[in-house]
Every structure is written in structure tokens, then in C-alpha cells.
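Visitor: What follows is the residue order along each chain.
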Amino acid sequence: NAGVTQTPKFQVLKTGQSMTLQCAQDMNHNSMYWYRQDPGMGLRLIYYSASEGTTDKGEVPNGYNVSRLNKREFSLRLESAAPSQTSVYFCASSEPYNSPLHFGNGTRLTVT
Amino acid sequence: KQEVTQIPAALSVPEGENLVLNCSFTDSAIYNLQWFRQDPGKGLTSLLLIQSSQREQTSGRLNASLDKSSGRSTLYIAASQPGDSATYLCAVSGGGSQGNLIFGKGTKLSVKP
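Residue numbers (this note's numbering), protein chains in the order written: chain H, 18 to 129; chain C, -14 to 98.
Just so you know, these hints were derived from the structure itself, not from any lab. Warning: the hint list may mix true and false statements.
What the hints assert, rightly or not - Which residues of chain H face chain C? A few of them, derived with a C-beta cut under 8 Å, are:
no.	residue
1	Gly59
2	Leu60
3	Gly75
4	Asn115
5	Leu118
6	Phe120
No residue lacks a Cβ here, since even glycine has one placed at the ideal position from N, Cα and C.
Take these sequences, add in the hints, and give me the full structure.
Guide: Spelled out as C-alpha cells, the structure:
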């Protein structure tokens, strides 16, 4: 089982460029999440989708948009990248209630 | 606002030692608490989830306890091994989506052979 798959693994962008981070899960989970991890800040929730067709803002949504394409896929888009968005981005999935989160291996994004 | 603190930030122990990692949170109104392990350059792996109505969970050499009233959780690792070396993260879910986790900054554990 692949679990949660994120692409790409690494990306370098120039300020102002756009890109989409892809995430897919094969565990038939209803809920999916995007987190960012920064040194000294820990992991913070960007957006989540409790079920197919719904999305909600997390703690740090500014500068990002998301799409829950279907039950398997949840993408994160940076419309105009800024150096402050340099981070490691993690996608995760779970069942809605009292279930552990399953994380992908992350996308390391650098914005210059 | 919920805050999660993990002490110590780093810990180095000899192989075979039993150890305790600590996690504290400021708001006791949590839905559940999860412990994760993160290896360098990798994602997080769920170790244990304790529901708010539970006091502890066990998996192999790991035991996690939860005391909501005092806002504390501990992760006990028995007979530590070099393969246990990793960063251990604690996270609490405060409701809404249970994936809306508030994470501590982690404890980096090094187990020396």
C-alpha cells in the first residue's frame, strides 16, 4: 500500500511563480489535510477537507488555495509564491473521528 | 488559544534505558491526543492515539498516558534501542475537524549503542 503520496518531493520557485502540490491517498479516508512545517514553529494546519466536496481554512491559510478533486486527491495551490512560503509541506489523511492521521513524506519547497 | 509544549527539546540516552517524554497543553478541552514519530527527511508516523475519555494506550514498548485535568501526557519508551532515534511529536485535537491538530515542537531522541 502506498498510503499518502505527495508530488513533487522537491521544488524551487522564484517569487511570484505559481505551483500546485499534489496529494493522493489510497486508504479510502474521508478527511484530508495540508500542513506546513517550519523550524521553530512546528507543524501548522493550512487547509483541511473533512469530506469530499468540503474544504475549510486552518491556522495559516493566507496565500494558499485547495481543491478536493475527489475522495482520493487533495491539492494545494500557491498562486503567487513568496519567500515566506519556503517550508516543508505535508499532506495527511484520516477517518473523521478519533482516528490517527497518516502523513505523506512531504514536499520541500524553496522560494527565492 | 491552545498551546502544546514538549520537554525536553532533545534527549540522549544509552541503549537499553527506559525513558519518558513529556507533553503539556494549556486547554483541557481536547478531543484526543496523538503521539507521532518523525525520522529525518520523512513524514510523521502515528504511534498512539488517546481519546479524551481514556487514560492510556499501549503499543509494544510504548505506553502513552493522558491526564486531561492537569493538561499532561507522557510517552514511555521501554528498553530503548538505536532504532528509536527520531523526533517525537505530541499533538492535541480540540474539536472541529479532528485533524485540526495543534502540535508541540517535538523532542529529538538519540539512543546511543
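Visitor: Check each numbered hint against the structure and report the violated ones by number, ascending.
Guide: Violated hints: none at all, because every hint is consistent with the structure.
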